[in-house]
Amino acid sequence: MSIGTMFGDIIKSLFKKPATEKYPFERKAEPERLRSKLHWEPEKCTGCMMCVKDCPANALELEVIDRAKKQFVMRYYIDRCTFCDQCVRSCRFDCLHLSNDEWELASLGAEPMTITYGREEDIQFLLDKKANPDNPGGHPECN
Amino acid sequence: MSLTLPSLVSILVFPAGMFLILLGMVYEYVDRKLVARYQNRFGPRWFQPLADMFKLLAKEEIIPDGVNKALFIFLPILGVTAALTSALYTPMLGFAPAFSFRGDLILVVYMLSVLTICLGLAGANTVDRFSLVGATRTLTQLFSYEAPFMLTLLGPALAAGTLQISQINAYAQDTWWMILTQPIGFLVALIGLMGKLELPPFDAPEAETEIVSGALTEYSGRGLALFRIGKNVELVIGLTLISAFYLGGLANPLEFILKTLGLLLVIALLQSLFARLRIDQTVGLWWRIGAILALVQILILVVSRLFF
Amino acid sequence: MQEKVEKFIVPIGPQHPALKEPGHFEFSVDGEEVTGATIRLGFVHRGIEKMTESRTWIQNLYMLERVCGICSHVHGIAYTLGVEKLAGVTVPPRAQAIRTIVLELERIQSHMLWLGVAAHEGGFDTLFMYSWRDRETVMDLFELISGNRVQHSVNLVGGVKYDITAEQKQKILDGVSYLEGRLQYYEKIITTDDTFLGRTRNVGKMTKEEATLLGAVGPTARASGVERDVRVESPYASYPDHPVNIVLDEGGDLTSRFIVRIRELFESIRVIREILTNLPESELTVRVPRRIPAGEVISRVEAPRGELFYYIKSAGGENPYRIKIRTPSLCNWGTVSSVAIGHKLADMPMLLVGIDPCFSCNDRLVTVRQETGSQTMYWEDLRKYGVEYYQ
Numbered sequence: 058m059s060i061g062t063m064f065g066d067i068i069k070s071l072f073k074k075p076a077t078e079k080y081p082f083e084r085k086a087e088p089e090r091l092r093s094k095l096h097w098e099p100e101k102c103t104g105c106m107m108c109v110k111d112c113p114a115n116a117l118e119l120e121v122i123d124r125a126k127k128q129f130v131m132r133y134y135i136d137r138c139t140f141c142d143q144c145v146r147s148c149r150f151d152c153l154h155l156s157n158d159e160w161e162l163a164s165l166g167a168e169p170m171t172i173t174y175g176r177e178e179d180i181q182f183l184l185d186k187k188a189n190p191d192n193p194g195g196h197p198e199c200n
Numbered sequence: 383m384s385l386t387l388p389s390l391v392s393i394l395v396f397p398a399g400m401f402l403i404l405l406g407m408v409y410e411y412v413d414r415k416l417v418a419r420y421q422n423r424f425g426p427r428w429f430q431p432l433a434d435m436f437k438l439l440a441k442e443e444i445i446p447d448g449v450n451k452a453l454f455i456f457l458p459i460l461g462v463t464a465a466l467t468s469a470l471y472t473p474m475l476g477f478a479p480a481f482s483f484r485g486d487l488i489l490v491v492y493m494l495s496v497l498t499i500c501l502g503l504a505g506a507n508t509v510d511r512f513s514l515v516g517a518t519r520t521l522t523q524l525f526s527y528e529a530p531f532m533l534t535l536l537g538p539a540l541a542a543g544t545l546q547i548s549q550i551n552a553y554a555q556d557t558w559w560m561i562l563t564q565p566i567g568f569l570v571a572l573i574g575l576m577g578k579l580e581l582p583p584f585d586a587p588e589a590e591t592e593i594v595s596g597a598l599t600e601y602s603g604r605g606l607a608l609f610r611i612g613k614n615v616e617l618v619i620g621l622t623l624i625s626a627f628y629l630g631g632l633a634n635p636l637e638f639i640l641k642t643l644g645l646l647l648v649i650a651l652l653q654s655l656f657a658r659l660r661i662d663q664t665v666g667l668w669w670r671i672g673a674i675l676a677l678v679q680i681l682i683l684v685v686s687r688l689f690f
Numbered sequence: 010m011q012e013k014v015e016k017f018i019v020p021i022g023p024q025h026p027a028l029k030e031p032g033h034f035e036f037s038v039d040g041e042e043v044t045g046a047t048i049r050l051g052f053v054h055r056g057i058e059k060m061t062e063s064r065t066w067i068q069n070l071y072m073l074e075r076v077c078g079i080c081s082h083v084h085g086i087a088y089t090l091g092v093e094k095l096a097g098v099t100v101p102p103r104a105q106a107i108r109t110i111v112l113e114l115e116r117i118q119s120h121m122l123w124l125g126v127a128a129h130e131g132g133f134d135t136l137f138m139y140s141w142r143d144r145e146t147v148m149d150l151f152e153l154i155s156g157n158r159v160q161h162s163v164n165l166v167g168g169v170k171y172d173i174t175a176e177q178k179q180k181i182l183d184g185v186s187y188l189e190g191r192l193q194y195y196e197k198i199i200t201t202d203d204t205f206l207g208r209t210r211n212v213g214k215m216t217k218e219e220a221t222l223l224g225a226v227g228p229t230a231r232a233s234g235v236e237r238d239v240r241v242e243s244p245y246a247s248y249p250d251h252p253v254n255i256v257l258d259e260g261g262d263l264t265s266r267f268i269v270r271i272r273e274l275f276e277s278i279r280v281i282r283e284i285l286t287n288l289p290e291s292e293l294t295v296r297v298p299r300r301i302p303a304g305e306v307i308s309r310v311e312a313p314r315g316e317l318f319y320y321i322k323s324a325g326g327e328n329p330y331r332i333k334i335r336t337p338s339l340c341n342w343g344t345v346s347s348v349a350i351g352h353k354l355a356d357m358p359m360l361l362v363g364i365d366p367c368f369s370c371n372d373r374l375v376t377v378r379q380e381t382g383s384q385t386m387y388w389e390d391l392r393k394y395g396v397e398y399y400q
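From first to last, the protein sequence lines are chains A, B and C. Under the numbering used here, the first residue of the first sequence is numbered 58, with each subsequent residue one higher. Under the numbering used here, the first residue of the second sequence is numbered 383, with each subsequent residue one higher. Under the numbering used here, the first residue of the third sequence is numbered 10, with each subsequent residue one higher.
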């Protein structure tokens, strides 16, 4: 038979600092294993497409410009990605890794949600091809 | 009594009217902040109740089907008016009451009940089932705490020998604090105040998790803002009355602020300490324990006056 | 003079402050006393079972984890255990141990969440705030191990992704010890605080026979004395080496359910400590082929809410042929509608939350079989039926 069993705790809280974290003025340090934005290194990629096949959310697209010369461009859709880490595990050549501090990814438009990775000349090649009048369809080669 | 400029000022600005509405918001802020601190979190910033009021006044007022339109619009106004009028007879901010006559304690308590009755009627006015259940609970709770609460307010009146609030106030300043001479009465008065204001653990009439918002479910915009103002004003007046009677009277603004805020500290503590009581448990508690304690207190008072 | 019985129906849901997820309950009320109850679910049906048929085995792992947010790891475990059995591989012991540790941590997290929510339904906001503040300790531990607070994705078909280093082991042990102290404090509160006991004692009383008849599972059944716990009956993962003691209580009312859930957490903490001090050394994954051989398998695990049941059928390809999930919350609804009669309206939210409902888990396909007059409806018939119903 007792009333007010939380009395001690409540009185002590009056003198303690509140447990709330005042984001965005105070930020806790990120955990080491946090899974945030994906990064791709084009040098090691061989175009095996395992990452594209295994992604549960269809967030990756790999465009082949020249397979023999290993020229690829990867398009990464942040708004579809679930940061599950499967692409990193599926890649046998270690070209992908999820950074652990770029987690504030909200934006006001759809443009920043698609990221194109690749060497400069490859990306330029694709953009030229899109604007090229000789190719009336305008669709880049999708694989 | 004719309508003179001083009386207009006291009705519209101080101690009733705008000043009281703003003071009510200050007290609501302090109450919410204290409850939050007891729960180890931050709580709202100082302008939160003011912002709530502005937001509500700016929203569209939706009048549902099947209600009596005149009553729907009139009841909040009546409730707030009653609450604000009762402030004219209490020692607000430590100054003497604006108007005072013999027996005004009964009037003040009645006016505070008018607000609760308006709340119950407003809930019964709609077709919505949640409001009906909430209205039933409000009125049930009104019938259960009213008697003990009145008795405990009568205790100091008996000791002072008068029913005029300004005189009871003056008497309380001259003698020992009545919290020491009538402790049982103070306890019942404090808990009675929590029942009147529908604060946890007695917030069954507006239990958020069971019946959405109780009697106020259908209200929005202006009507809701007025009811909330009424509740805040009731908080201030209740605190004023109890600290004037039991905590040694209110002689100046400093005493007013210190005593009422101290009482608010205790009330916020009691709010966060208990789980919500069901309505049948509330009624049982009040009629079995509350009324008996209040009667015992009155009995002790009467006996001591007879023999000492 | 005829007495008119007014049937006054109070609807709770689909949108209601008492429910965290949509579900529709209609209580016929007479004054404050409930005289009848009906339940209608299905608001969160997302078609997950159909979606699994068009995705590969690896992709399905991540999708099935998102059936429920609180018990996401358990769904992943049930799926991977089933698939590994079909593929005929054995997972290395260290991976099983890590899986079990995360399972028990998830049980702690789920029960503490439930404690807060149940306190909030009873009007005890202070207990709600404090138990959720302490739950942050478990969430920090999850972030330590996997980087995410919920939906950790620790599983792979064939093992786990992350290892537990010595430093992390120490942090887990410290966190779990802090929680043990706080949980003892909460157990004291819910068993001795009079206002709280007034809301939970003798509410929703269910005898052992009733619980067995209605098919209750999980802590709801164990609070009525029914001995049902998959970890004890058919152990999986690391449970054969570190067995769990079943926690029972004979009361059958809401207080017993609170007590059973908190005492289960003490058991979980003990198991976590035991596993952490004896972590076996091995690698973390084993290779599983992309095409799982044909066959069908049943996998049962103990989710925080009761027995979770998976039926997986493979036709030998890269996608599964059929996955059927039966979540524990679905079994416990019968207890609410049969026990509700006779209680006050104010007890209804407490009753609903007493079985720990997880609506998102719930809305799977349920076949209702009648003895006579069952129909098989084809797609066209269903469409016509839907159109006529809403006219």
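Honestly, the hints are just simulated from the structure, not real lab data. A hint or two may mislead.
Listed next, the in silico DSS-like pairs over lysine-lysine satisfying Cα-Cα at most 27 angstroms (straight line) [claimed, not checked]:
| hint | chain 1 | residue 1 | chain 2 | residue 2 |
| --- | --- | --- | --- | --- |
| 1 | A | Lys126 | A | Lys69 |
| 2 | A | Lys79 | C | Lys59 |
| 3 | A | Lys110 | C | Lys353 |
| 4 | C | Lys197 | A | Lys73 |
| 5 | A | Lys187 | A | Lys85 |
| 6 | B | Lys437 | A | Lys73 |
| 7 | A | Lys110 | C | Lys29 |
| 8 | C | Lys94 | C | Lys59 |
| 9 | A | Lys74 | C | Lys333 |
| 10 | C | Lys29 | A | Lys79 |
| 11 | B | Lys415 | A | Lys69 |
| 12 | B | Lys415 | A | Lys85 |
| 13 | B | Lys437 | A | Lys79 |
| 14 | A | Lys101 | A | Lys186 |
| 15 | B | Lys415 | C | Lys29 |
| 16 | C | Lys214 | C | Lys29 |
| 17 | C | Lys214 | A | Lys85 |
| 18 | C | Lys94 | C | Lys322 |
| 19 | A | Lys74 | C | Lys322 |
| 20 | A | Lys110 | C | Lys197 |
| 21 | A | Lys110 | C | Lys322 |
Note that the structure is predicted; figures quoted are calculated from it, not measured.
For each hint, the structure was consulted:
Between lysine 126/A and lysine 69/A, the direct Cα distance comes to roughly 68 angstroms. Violation of the 27 angstroms bound is thereby established for this hinted pair. A hinted pair counts as satisfied when its Cα atoms are at most 27 angstroms apart, and lysine 79/A with lysine 59/C does not qualify at roughly 43 angstroms. Distance hint between lysine 110/A and lysine 353/C is unfulfilled; the C-alpha atoms sit about 55 angstroms from each other, more than 27 angstroms. Note on lysine 197/C and lysine 73/A: the hinted pairing holds, with a Cα-Cα distance of about 23 angstroms set against a maximum of 27 angstroms.
Our distance criterion of 27 angstroms between C-alpha atoms is broken by lysine 187/A and lysine 85/A, whose separation comes to about 44 angstroms. A threshold of 27 angstroms between alpha carbons decides the hint, and for lysine 437/B with lysine 73/A the separation of about 33 angstroms lies outside it, so the pair is violated. Between lysine 110/A and lysine 29/C the alpha-carbon distance is near 36 angstroms, which puts this suggested pair outside the 27 angstroms criterion. Of the pairs offered as hints, the one joining lysine 94/C and lysine 59/C holds, with about 22 angstroms between alpha carbons and a cut-off of 27 angstroms not exceeded.
Between lysine 74/A and lysine 333/C, the direct Cα distance comes to roughly 49 angstroms. Violation of the 27 angstroms bound is thereby established for this hinted pair. Pair hint lysine 29/C plus lysine 79/A holds up; C-alpha atoms about 25 angstroms apart against a cutoff of 27 angstroms. A threshold of 27 angstroms between alpha carbons decides the hint, and for lysine 415/B with lysine 69/A the separation of about 16 angstroms falls inside it, so the pair holds. A C-alpha spacing of about 25 angstroms is found between lysine 415/B and lysine 85/A, which places the hinted pair at or below 27 angstroms, so the restraint holds.
In summary, the hint linking lysine 437/B to lysine 79/A is supported, as the alpha carbons are separated by about 25 angstroms, within the 27 angstroms threshold. Annotation: proposed proximity of lysine 101/A to lysine 186/A holds, straight-line Cα distance about 25 angstroms (limit 27 angstroms). About 26 angstroms separates the Cα atoms of lysine 415/B and lysine 29/C, which keeps this hinted pair within 27 angstroms; it holds. Our distance criterion of 27 angstroms between C-alpha atoms is met by lysine 214/C and lysine 29/C, whose separation comes to about 24 angstroms.
Annotation: proposed proximity of lysine 214/C to lysine 85/A is violated, straight-line Cα distance about 45 angstroms (limit 27 angstroms). Pair hint lysine 94/C plus lysine 322/C holds up; C-alpha atoms about 11 angstroms apart against a cutoff of 27 angstroms. Of the supplied pair hints, the one linking lysine 74/A and lysine 322/C is violated, its CA atoms being roughly 54 angstroms apart against a limit of 27 angstroms. With a C-alpha separation of about 53 angstroms, the suggested pair lysine 110/A and lysine 197/C falls outside the 27 angstroms cut-off, and the hint is violated.
This hinted pair checks out: lysine 110/A and lysine 322/C have alpha carbons roughly 22 angstroms apart, not beyond 27 angstroms.
Of the numbered hints given earlier, the model fails hints 1, 2, 3, 5, 6, 7, 9, 17, 19, 20; all others are met.
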